[in-house]
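So the sequences go chain by chain: A and B. Residue 1 is where the first sequence starts when you use the working numbering, and the numbers rise one by one after that. Residue 390 is where the second sequence starts when you use the working numbering, and the numbers rise one by one after that.
Hints are computed from structural coordinates only; laboratory data are not their basis. Note that this is a predicted model, so its numbers are computed, not measured. Among the clues, some could well be false.
[What the hints assert, rightly or not] In silico lysine-lysine, DSSO-like type, Cα no more than 30 Å apart, as pairs:
| id | chain 1 | residue 1 | chain 2 | residue 2 |
| --- | --- | --- | --- | --- |
| 1 | A | 314 | A | 145 |
| 2 | B | 444 | B | 641 |
| 3 | B | 641 | A | 314 |
| 4 | B | 703 | B | 534 |
| 5 | A | 145 | A | 125 |
| 6 | B | 703 | A | 252 |
Number of protein chains: 2
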Amino acid sequence: MAPMANLQGGLSEADNPNSLIVRFPESDPLITDAGVDISPFAIAYQTYGVLNAAKSNAILICHALTGDQHVANIHPVTEKPGWWSTMVGPGKPIDTDRYFVICSNVVGGCLGTTGPASTNPGTGKPYGLDLPVITIRDMVRAQAKLIDHLGIEQLFCVAGGSMGGMQVLQWAASYPQRVFCAMPIATAARHSSQNIAFHEVGRQAIMADPNWLGGRYFENEVRPTKGLAVARMAAHITYLSDEALHRKFGRKLQDRESPTFSFDADFQIESYLRHQGSSFVERFDANSYLYVTRAMDYFDLAADYDGSLARAFKGSKTRFCIVSFTSDWLFPTSNSRAIVHALNAGGASVSFVEIETDRGHDAFLLDVPELLATSRGFLESAARARGLA
Amino acid sequence: MAPMANLQGGLSEADNPNSLIVRFPESDPLITDAGVDISPFAIAYQTYGVLNAAKSNAILICHALTGDQHVANIHPVTEKPGWWSTMVGPGKPIDTDRYFVICSNVVGGCLGTTGPASTNPGTGKPYGLDLPVITIRDMVRAQAKLIDHLGIEQLFCVAGGSMGGMQVLQWAASYPQRVFCAMPIATAARHSSQNIAFHEVGRQAIMADPNWLGGRYFENEVRPTKGLAVARMAAHITYLSDEALHRKFGRKLQDRESPTFSFDADFQIESYLRHQGSSFVERFDANSYLYVTRAMDYFDLAADYDGSLARAFKGSKTRFCIVSFTSDWLFPTSNSRAIVHALNAGGASVSFVEIETDRGHDAFLLDVPELLATSRGFLESAARARGLA
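For reference, chain A alone in the conformation it holds in the complex (with noise of 0.2 Å):
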C-alpha cells in the first residue's frame, strides 16, 4: 500500500492529489451555507472518456460519504480498482466509449478537493476545523464551478447512490437546466433520525480519540485512528443487511474450531469488521469524516423549498430514474418512494425499480445484474432523446 499520510504536511492526497485538480483563485469565490467564502479553493477530479464536439455526452458521478473521485481507475492510495467499476468503463452500463465521465472529489473531502486535510493558505497549516460546515449544496456548487471550468452547460447526466444521490437531488432542484437526467440511488431528499444518531456516533468515536486533538492532529504527528476505526466499523455494519451477514459470517469461528474464551477475534464478522476499521484509516481522513457526515445530517432538500419536495422538482425537464434495494435499511424503500411522489406531484418524468436484494446498502457499489441493467436501459433511453448516437 503507498503510504497516504505525510504526518507533518498532512495528507500528501490533500494538496497534493494523482488528480486532475483545478484551483479556483479568490477572485472566483465559493460561498458556502454557512455564510463563508472558502476561495481560493481547489477541486481534485478524474475524468474518462472523451467529450463530445456539442459537449453533450457528459456524465457527473458524485461520490458516496467515503467515496472518492477515484470511481473507474487505480486508486493511488489503496492500489485497488475505482468503487464503481461495476457500472463505469469501457462497455459497462455508463459506457466510457461513450460517455465522458467526470467525478470530483466532494468539498470537506480529503482526496484533493479543499477539506479539513488541506493546507489553508491564511495559516499555511491544515484546516482543521477551521473550515465552515459544508453542506450537499455547497459539495454541488463547487461541482457546479467545475462543470463550468469545463465548457459544459448542460450534463447529459448525473448519477451516484447513497450520499452521491443526495447531490443528484440537489443537483436536479438547484440546476434543471443543466441536468438532462438523473439516476438518485439508495438515498433520500433528507437525512433520517435514525442515521443522524449513528452519525454521532461516528463522530464522538473520533472526537473521544486523544489523538483527534480538536482537530490539530497532523501538526502533533499524529493521528486519531482507533477513533476513526471504530466509526468506520459501527457504519460498516449499517452498509450490510442482518441476512447477508448471516450468510456470509453466520456464527462461523475464525480460524479456530471453538471460542478460545477471550476477547480476541473469535468469529469471522469480528476479525471482517477490524480489518474494515484499519485498512479504512489508511486511506481517509478523519476530520473529514466529520465534515462529510455533518453535510449528510444537515441535508433536508424540502427545507429549502418551504416545506414541499414537490417545489424542489416543480416542472422540470429532467427524466429520474430512482432505485431502491429491498434490504437496505439504511435508506430504505420508503425514502425513495417519498422521492417518487414528490416528483409525481411535480409533474416531472420518472421511473422507480426497487431490486430485490440482501446485500443491504451496500448493493449499489456491487455487481447486482438488475442494477446494471436497469441503469444500462435508462440511459440507453435517453440518449436516445438526447440525440446521442
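With the hints as your guide, set chain B onto chain A.
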C-alpha cells in the same frame, strides 16, 4: 446522583452492594464454561413479596445486558425507579402481592455479583480481565445456586427480555424440572452475526480508550468513560426503531431555530444520545460491558444439543409464553419463531404473541399494554394450573 465510583477501591457497588448478598465459599465452587473455578464468589440480589410456605410462588427475573437486580425499587446509584416497574409490583402483571420475586445481578456484572470490578480475593485488586470469560450458562448456573440457597426446588416462573430471555431459555433447557413456566421476551436462542458485530464495535470503542489500560483502570484511578459512552450510544440506537426515532425526534433541532453549522448537538437525537452515553458511564463498569456482551455473543443454545434446538426442550413440561415486537430489529420476530418451532417440535406447551408496536427492542421495558396484558393472562393461567390461589 449518588457516587458509584470509588476509584481506589473500584466500584463501591461491586464489592458492597445495596442489595442482599450470598457469598459462596471455595467449598461450594462455580466452575465456568471456560473451565475456571471462580470461587469464592458472590451473588447480589433483590426480592419482592413473600415466599409462601410451599415455596411454590417464586418468580425469577433475569436482567438484560445493562440491567441489574433493581427491578422494582429505587436504584441505589441512579435514584431512578427500577427497570421493570411497569411489569413488577403490587397489582402489576408480576404481582408482588402474590408472587415472591427474585432478581440477581449476573455473573460478570458490576452491582455486587462477582464480576471484573469485584475484588479478586487472590490479589486484593479488581479482577479486571483476570476473570474468565462468562457464558449465559454460567450466569444461570450461578442463579441456580442462589435458588438452592433460598431452598426453592421449583420456580413458578422464569422471565426476562433480551439477554434476560436468553437466560430464561437456558434455565428451561438446563433445569426443566425446576421451571413451571417461562417467559422469554424479545430474545433469541442464538446471537446473530449482526448483533455480534454491534457488540464488537462497542468493545473496540472501550478498548480504544487510552484509559482502559488493558482493563486495569481502577488501580490507575481513571476510567474509560469516553469509550464506554460511545459503546452505549451505538448500542442504544439498536434498542429503538427507525419509526420511533422519527416520531420522537425526527430532524427537530435542540434549543435552537436553525442549524449552527458546527459539530455541536444541533439535533435533538444527538443531544439525547450524548445524554444516554454520559449517564450510562455513571452506573456501569466498562469491563463488565466487555464480559456481558461476550456472554451474549457466545450464546447458541442448540450448539449444546448437537445443533438441534428442539432437542434442548425435548419432553419439557414447562409452559412457555414467547413474545416479540414487530419493530424490534435487534431480536426480530424471526428469532422468536425459531424458538416456537423448536418448542413445538420438542412437544412443549407454547403460546406466542407478536406485539404490534413501533418502539423497537426497548418495548419489553416500556408501558406497552399488550405486553402487560399478555404477561398477566399467561401468569394467571399458569398459577391456576400450579394451584396457586
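We went through each hint and held it up to the structure:
Between residue 314 (chain A) and residue 145 (chain A), the direct Cα distance comes to roughly 24 Å. Compliance with the 30 Å bound is thereby established for this hinted pair. At most 30 Å may separate the alpha-carbon atoms for a hinted pair to count; residue 444 (chain B) and residue 641 (chain B) exceed this at roughly 53 Å. For the suggested pair residue 641 (chain B) and residue 314 (chain A), the alpha carbons sit about 26 Å apart, so the restraint of at most 30 Å is met. Of the pairs offered as hints, the one joining residue 703 (chain B) and residue 534 (chain B) holds, with about 24 Å between alpha carbons and a cut-off of 30 Å not exceeded.
Among the hinted pairs, residue 145 (chain A) with residue 125 (chain A) is consistent with the structure: their alpha-carbon atoms are about 25 Å apart, no more than 30 Å. A hinted pair counts as satisfied when its Cα atoms are at most 30 Å apart, and residue 703 (chain B) with residue 252 (chain A) qualifies at roughly 26 Å.
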